[in-house]
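A.B. asks: Kindly generate the complete structure, drawing on both the sequences and the hints.
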Amino acid sequence: MIRRGFVDDKIGLKYGAGGRAMRALIERVCLAGIGPAPVDGIGLAAMDDGAALRVGDKWLVITTDSHVVHPIVFPGGDIGRLAVSGTVNDLAVMGATEPLALTCAIIMEEGFARTDLERIYVSIREACQEAGATIVTGDTKVMGRGEIDGIVLNTAGVAFCDRVVPDAGLKPGDLLILTGTIGDHGMAIMAARHKLALEGDLRSDVAPINGLVRAALAAGGLDVVAMKDPTRGGVSSALHEMAEKSGVGIIVEEMKVPVRTQVRAACDLLGIDPLVVANEGKALIGVRAVAAERVLAAIRRHPLGSDAAIIGRCIEQHVGAVILDTGLGRRMLAEPEGELLPRIC
Amino acid sequence: MTRVPDTDRDQALSELKFRDPVRARALVEALGRRVAELGRTPVSVMHVCGSHEQAIARFGLRSTFPRGLNVIMGPGCPVCITDTPEVDEGVVLARQGVHIATYGDMVRVPGTSMSLADAQAEGAKIHVIYSATQAVELARSTSDQVVFFATGFETTAVATAAVALGGLPPNLSILSAHKYIPPVMEIVAEMPETRVEGFLAAGHAATITGSAVFEPFVARHGLPVVVAGFEPLDILAGLVKLLELIRDRTPQVVNMFPRCVTRDGNRRAQEQLWKVFRPTGGRWRGIAHVPNGNLRLRDEFRSIDARRRFTIDLASLWDHAPSALAQSCICGDIMAGLSLPTDCTLFGQECTPEKPVGACMVSNEGACKIWHQYGGHPDLGGET
Amino acid sequence: MCLGVPGKVIEVAGNIATVDFWGVRRQVQLDVIDEPVVPGDYILNHVGFAIRRIPESEIGETLALYEQLIKQAEQDDLMAEDVRSEIAASRDDPRAGH
Chain B
1 MIRRGFVDDK
11 IGLKYGAGGR
21 AMRALIERVC
31 LAGIGPAPVD
41 GIGLAAMDDG
51 AALRVGDKWL
61 VITTDSHVVH
71 PIVFPGGDIG
81 RLAVSGTVND
91 LAVMGATEPL
101 ALTCAIIMEE
111 GFARTDLERI
121 YVSIREACQE
131 AGATIVTGDT
141 KVMGRGEIDG
151 IVLNTAGVAF
161 CDRVVPDAGL
171 KPGDLLILTG
181 TIGDHGMAIM
191 AARHKLALEG
201 DLRSDVAPIN
211 GLVRAALAAG
221 GLDVVAMKDP
231 TRGGVSSALH
241 EMAEKSGVGI
251 IVEEMKVPVR
261 TQVRAACDLL
271 GIDPLVVANE
281 GKALIGVRAV
291 AAERVLAAIR
301 RHPLGSDAAI
311 IGRCIEQHVG
321 AVILDTGLGR
331 RMLAEPEGEL
341 LPRIC
Chain F
1 MTRVPDTDRD
11 QALSELKFRD
21 PVRARALVEA
31 LGRRVAELGR
41 TPVSVMHVCG
51 SHEQAIARFG
61 LRSTFPRGLN
71 VIMGPGCPVC
81 ITDTPEVDEG
91 VVLARQGVHI
101 ATYGDMVRVP
111 GTSMSLADAQ
121 AEGAKIHVIY
131 SATQAVELAR
141 STSDQVVFFA
151 TGFETTAVAT
161 AAVALGGLPP
171 NLSILSAHKY
181 IPPVMEIVAE
191 MPETRVEGFL
201 AAGHAATITG
211 SAVFEPFVAR
221 HGLPVVVAGF
231 EPLDILAGLV
241 KLLELIRDRT
251 PQVVNMFPRC
261 VTRDGNRRAQ
271 EQLWKVFRPT
281 GGRWRGIAHV
291 PNGNLRLRDE
301 FRSIDARRRF
311 TIDLASLWDH
321 APSALAQSCI
331 CGDIMAGLSL
341 PTDCTLFGQE
351 CTPEKPVGAC
361 MVSNEGACKI
371 WHQYGGHPDL
381 GGET
Chain L
1 MCLGVPGKVI
11 EVAGNIATVD
21 FWGVRRQVQL
31 DVIDEPVVPG
41 DYILNHVGFA
51 IRRIPESEIG
61 ETLALYEQLI
71 KQAEQDDLMA
81 EDVRSEIAAS
91 RDDPRAGH
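Protein chains in written order, with this note's numbering: chain B, 1 to 345; chain F, 1 to 384; chain L, 1 to 98.
Hints are supplied without guarantee of correctness; some may be wrong.
List time: in silico PhoX-like cross-link candidates among lysine-lysine, alpha-carbon distance up to 25 Å [what the hints assert, rightly or not]:
#1 Lys10(B) / Lys355(F)
#2 Lys10(B) / Lys125(F)
#3 Lys125(F) / Lys355(F)
#4 Lys245(B) / Lys125(F)
#5 Lys171(B) / Lys256(B)
#6 Lys141(B) / Lys256(B)
#7 Lys245(B) / Lys58(B)
Keep in mind that the hints were calculated from the coordinates and are not lab data.
C.D. replies: Right, here's the structure in full:
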């Protein structure tokens, strides 16, 4: 395990941001506290998108997420859709594209509007239908006014699969496919918070992509060697993790990375790199070079994958690093500290 | 003059972005030839704008510069050169319960004992804004006192001036940490160790001040100044031109950003700027005293000057001794272009964007942050 | 910070312009700009204020400026090439001396 930084006495916002600080917290406090938790499979120590436990000749994949996004309704979705999609996608990028069951727990602030809650459940139902998932159990709590902000959701998901695809399976020569445009979710949230008074068609990409991933796996089989969804910290965070865990370097061709014009414009205005902005309906899929075109074609045939592109390749040197070829020159892509915005998902 | 093909022009027009890789390569080759012509290496030139370094780093231009060319980042990061006592002023106010509105970069710059972000973790109300007008909106939304902790060079100070002239809500005041760039070029030019043979000047500041503002400097020091924009082609073309001037020993001010810069600049903005601010000497972090380098509110605006509205007692912050790490920080040398971020023993180890020791590691325009973020070392060619 | 980004004016209402930055629109203050601005103009935005109107003619001129630099550098190289070949030729000529 790579040594990470220390953890402050007071847990600041950055520890929830999905980046290095958070990983340091998990390693030094959570893992250290929980103690060795060996499993027959992928457990806590791997810090993957979920856990995978061997059950007979199959794998049981489990994941859990808490959702604190603010505002709870944003262009393109709401906290309900986000909750279902987030969990379904975490399962999917581990290789488990048929969710067996989801849980959904809510904690509301006293005074929360019933119509808002109803709307959230409508979104949850729609997202479940798209994903072929079912909520089977949950929990409900209400806290006093001011004791929690609006609403917090927690979802857990379980699924069986025959093969687990970790985020650590890359080798030099492998190629990286990005399933669509990046930065949509993060910029939509930014715009919705009105701090920037930006008008434009910025909508979140939040969607369950297990069908898309299933198509990729069907086309690529064992040649699909690593997968990750680039949520907090964007593609940059995800690629850094994949590179580090796999023991490879990655070169990304910036001009191949799909970004919508409006998202690029918003990013330019704010001096933000789309590569570090959160996504909620995309996946990074690592494939053996020989299968890349076939897998890409399968993804592109899916409605959620029409903008997919091969954006990078793995190399032997610069292990753990991500190099960006800008078309004009090269630079290292920095690993973001975490998410730029608090409460992005 | 060659005729510009319509599609290129339309493309450039439709994006106002000058990022064409083919032209970039041609300009890089031209740059290589210019350096070779000079027959001596290294040739050192300096830019004084964090946004130039951002653009250079972002597009990976350093990996394309010829080996004999040293493009030094000078003290062009307005946040990095904000001195510790100025940060402390903001921190003290924040701890007194005053809302602080400031541009994002400022929030994590270390003060004597803490940054604004640290104060925020203890409960202070810090608001990140993207435009000076947001400070006004913030003040209107609360009855508490709000202070706009205004940082940035003259281009940004113009926005603060406009807002000040528009009249502020009674609960809003301005803590000015604005800086003025031309004086520091003098200091760098006069440093005995300096090897800088020419300057790339910031296009946006020159949009306001006009390119003429550099003429006295050029006359005094015999060093050429090229005013350049921020697109990759702007920067490369600016460097080519600068090297030509060095080669021909013709110290002049050349405007390579005519789409935004004129000789006289934006007079209206200048008037507003100097109506509200006066230049005064002050310490820039790591560079010691810069005569006329700070912009402070004029007396006529004392009623909206946070330094007059509040009593800011910095002694309360001096319980902590400056950290031992701070002694090893060489931000000052880095900002003067005498050292590289990688020359600092703390770079990337004890000093990282998450845990910055020096201001250069905090701001998006700081040399250390940019190098850390974008991987300053240019040796990314021939790897695979 | 919204630093020095160009955009196209869509609408002007008093002191405030609505500017399109290729897909996203933002309001920009016109307090400090030194020329009148009308819809269709390009402006340079800096932290929410328009600091300069960018004349369309300048775009083509900027591109031409780069072309000139590139051409000049190539010509100089050709000249250098001529000189080099002359020197090489004279070296081969026994009558040329040193």
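A.B. asks: Would the pair Lys245(B) and Lys125(F) pass a check requiring their Cα atoms to be no farther apart than 25 Å?
C.D. replies: violated (39 Å)
A.B. asks: Does the structure keep Lys245(B) and Lys58(B) at a Cα separation of 25 Å or less?
C.D. replies: holds (24 Å)
A.B. asks: Sort out whether Lys256(B) lies within 25 Å of Lys171(B), counting only the CA atoms.
C.D. replies: Holds, at about 21 Å.
A.B. asks: Holds or violated: Lys125(F) and Lys355(F), Cα atoms, limit 25 Å.
C.D. replies: With a Cα-Cα distance of about 21 Å, the restraint between Lys125(F) and Lys355(F) holds, given a limit of 25 Å.
A.B. asks: Take a quick look at whether Lys141(B) and Lys256(B) sit within 25 Å of each other, Cα to Cα.
C.D. replies: Answer violated: Lys141(B) to Lys256(B) is near 46 Å, above 25 Å.
A.B. asks: Against the 25 Å threshold, does the CA-CA distance of Lys10(B) and Lys355(F) hold or violate the hint?
C.D. replies: Given pair Lys10(B), Lys355(F) holds - Cα atoms ~14 Å apart, limit 25 Å.
A.B. asks: Does Lys10(B) pair with Lys125(F) here, judged by a C-alpha cut-off of 25 Å?
C.D. replies: Distance ~17 Å between Lys10(B) and Lys125(F) Cα, so the pair holds.
Taken one by one, the earlier hints fail for this structure at numbers 4 and 6, listed in ascending order.
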